[in-house]
Amino acid sequence: MIFNILKTSLTKWKPDYDSAASEYAKAAVCFKNAKQYEQAKDAYLKEAEYHTENKTLFHAAKAIEQAGMMMKEQKKMPEAIQYIEKACMMYMENGTPDTAAMALDRNEDRLRQAVELLGKASRLLVRLKRLDEAAVAVQKEKNMYKEIENFPMCFKKTTAQVLIHLHRGDYVAADKCVRESYSLPGYSGSEDCVAMETLLQGYDEQDEDQVYRVCNSPLLKYMDNDYAKLAISLRVPGGGGKKKKPAAAPEGGASGTPAAEEEDEYEGGLC
Numbered sequence: 001m002i003f004n005i006l007k008t009s010l011t012k013w014k015p016d017y018d019s020a021a022s023e024y025a026k027a028a029v030c031f032k033n034a035k036q037y038e039q040a041k042d043a044y045l046k047e048a049e050y051h052t053e054n055k056t057l058f059h060a061a062k063a064i065e066q067a068g069m070m071m072k073e074q075k076k077m078p079e080a081i082q083y084i085e086k087a088c089m090m091y092m093e094n095g096t097p098d099t100a101a102m103a104l105d106r107n108e109d110r111l112r113q114a115v116e117l118l119g120k121a122s123r124l125l126v127r128l129k130r131l132d133e134a135a136v137a138v139q140k141e142k143n144m145y146k147e148i149e150n151f152p153m154c155f156k157k158t159t160a161q162v163l164i165h166l167h168r169g170d171y172v173a174a175d176k177c178v179r180e181s182y183s184l185p186g187y188s189g190s191e192d193c194v195a196m197e198t199l200l201q202g203y204d205e206q207d208e209d210q211v212y213r214v215c216n217s218p219l220l221k222y223m224d225n226d227y228a229k230l231a232i233s234l235r236v237p238g239g240g241g242k243k244k245k246p247a248a249a250p251e252g253g254a255s256g257t258p259a260a261e262e263e264d265e266y267e268g269g270l271c
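For the sequence shown, the UniProt record's numbering begins at 1 and goes up steadily by one.
Simulated from the structure, these hints should not be mistaken for lab results.
Check each hint, because a few of them may be wrong.
Derived lysine-lysine pairs resembling DSS-like cross-links, with alpha carbons at most 25 Å apart [what the hints assert, rightly or not]:
no., residue 1, residue 2
1, Lys129, Lys32
2, Lys86, Lys120
3, Lys32, Lys86
4, Lys156, Lys35
5, Lys35, Lys129
6, Lys86, Lys129
7, Lys140, Lys76
8, Lys156, Lys140
9, Lys120, Lys76
10, Lys76, Lys86
11, Lys55, Lys140
12, Lys120, Lys46
13, Lys146, Lys86
14, Lys76, Lys55
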């Protein structure tokens with residue numbers, strides 16, 4: 001059917017892009033109703049392609065926006081955001097910035113709801129001690145915040161990742177999360193970055209005092225409750241918690257001799 005529509009001949013010099021786009025639009029709706037979202041996405045993109053060939057950018061943008069919706073139905077938020085942003089750019093090119101703004105408004109609440117739901121899922125997985133799954137969920141959260149350029153939240157998700165991976169006993173994965181975050185604007189040298197570098201250094205060097213200070217700092221103590229609990233319960237491998245401070249020198253002795261040695265001098269009594 002589509003082949004015949006696009007086919008040219010002696011009497012038909014130009015492919016009928018408008019009819020081809022219409023056919024793909026119908027196919028997309030059928031796939032969508034059947035909950036075949038991946039196929040629906042592909043059909044919407046083909047519709048957009050033929051609208052673009054036909055120089056009808058507004059309709060192409062609408063089709064691409066719908067492709068983004070199909071990605072959201074599959075919980076593929078980075079791809080959804082990519083298509084929606086592309087649609088907005090096409091609306092702008094078409095001279096309809098108001099439609100671009102409406103597209104963003106339509107999807108902003110849905111995106112916020114999606115990332116909030118994912119955040120709740122991540123915290124629940126932490127609470128249930130399903131840390132492998134929690135690590136995957138937090139990475140998805142971080143990717144979504146990165147797509148919408150909410151970099152401060154990316155910093156917080158990096159901190160959550162480090163805590164999760166250290167509780168999993170995977171120092172390499174925790175370190176990798178911080179290194180990958182250096183590419184985020186403003187992360188390198190930030191309070192979050194310095195705290196995680198200090199935490200990883202203390203953990204690697206088995207410095208319990210250093211780990212304790214970072215994990216009990218306001219930055220970590222005032223995170224979401226589930227992550228704050230991860231922070232205050234973090235222990236260095238082979239350690240039992242915070243290092244004990246050395247006993248203070250006894251008063252009243254110029255030589256500073258430890259009390260234990262003074263007691264040894266009189267061990268067994270005065271007689």
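Comparing the hints with the structure gives:
Taking the CA atoms of Lys129 and Lys32, the gap is about 37 Å. The hint is violated against a cut of 25 Å. In summary, the hint linking Lys86 to Lys120 is not supported, as the alpha carbons are separated by about 29 Å, beyond the 25 Å threshold. For the hint pairing Lys32 with Lys86, the CA-to-CA distance comes to about 21 Å; that is within 25 Å, so the pair holds. Proximity of Lys156 to Lys35 is assessed by CA-CA distance (about 35 Å); at most 25 Å being required, the pair is judged violated.
Restraint check for Lys35 and Lys129: the C-alpha separation of about 33 Å exceeds 25 Å, so the hint is violated. Distance restraint check for Lys86 and Lys129: the Cα-Cα separation of roughly 39 Å exceeds the 25 Å cut-off, and the hinted pair is therefore not satisfied. For the proposed pair Lys140 and Lys76, the alpha carbon gap of about 9 Å is at most 25 Å, so the pair holds. Between Lys156 and Lys140 the CA atoms are separated by roughly 13 Å; this keeps the pair inside 25 Å, and the hint holds.
Note on Lys120 and Lys76: the hinted pairing holds, with a Cα-Cα distance of about 17 Å set against a maximum of 25 Å. A C-alpha spacing of about 16 Å is found between Lys76 and Lys86, which places the hinted pair at or below 25 Å, so the restraint holds. Restraint check: the Cα-Cα separation between Lys55 and Lys140 comes to about 36 Å, which exceeds 25 Å; the hinted pair is violated. Between Lys120 and Lys46, the direct Cα distance comes to roughly 36 Å. Violation of the 25 Å bound is thereby established for this hinted pair.
This hinted pair checks out: Lys146 and Lys86 have alpha carbons roughly 16 Å apart, not beyond 25 Å. Restraint check for Lys76 and Lys55: the C-alpha separation of about 29 Å exceeds 25 Å, so the hint is violated.
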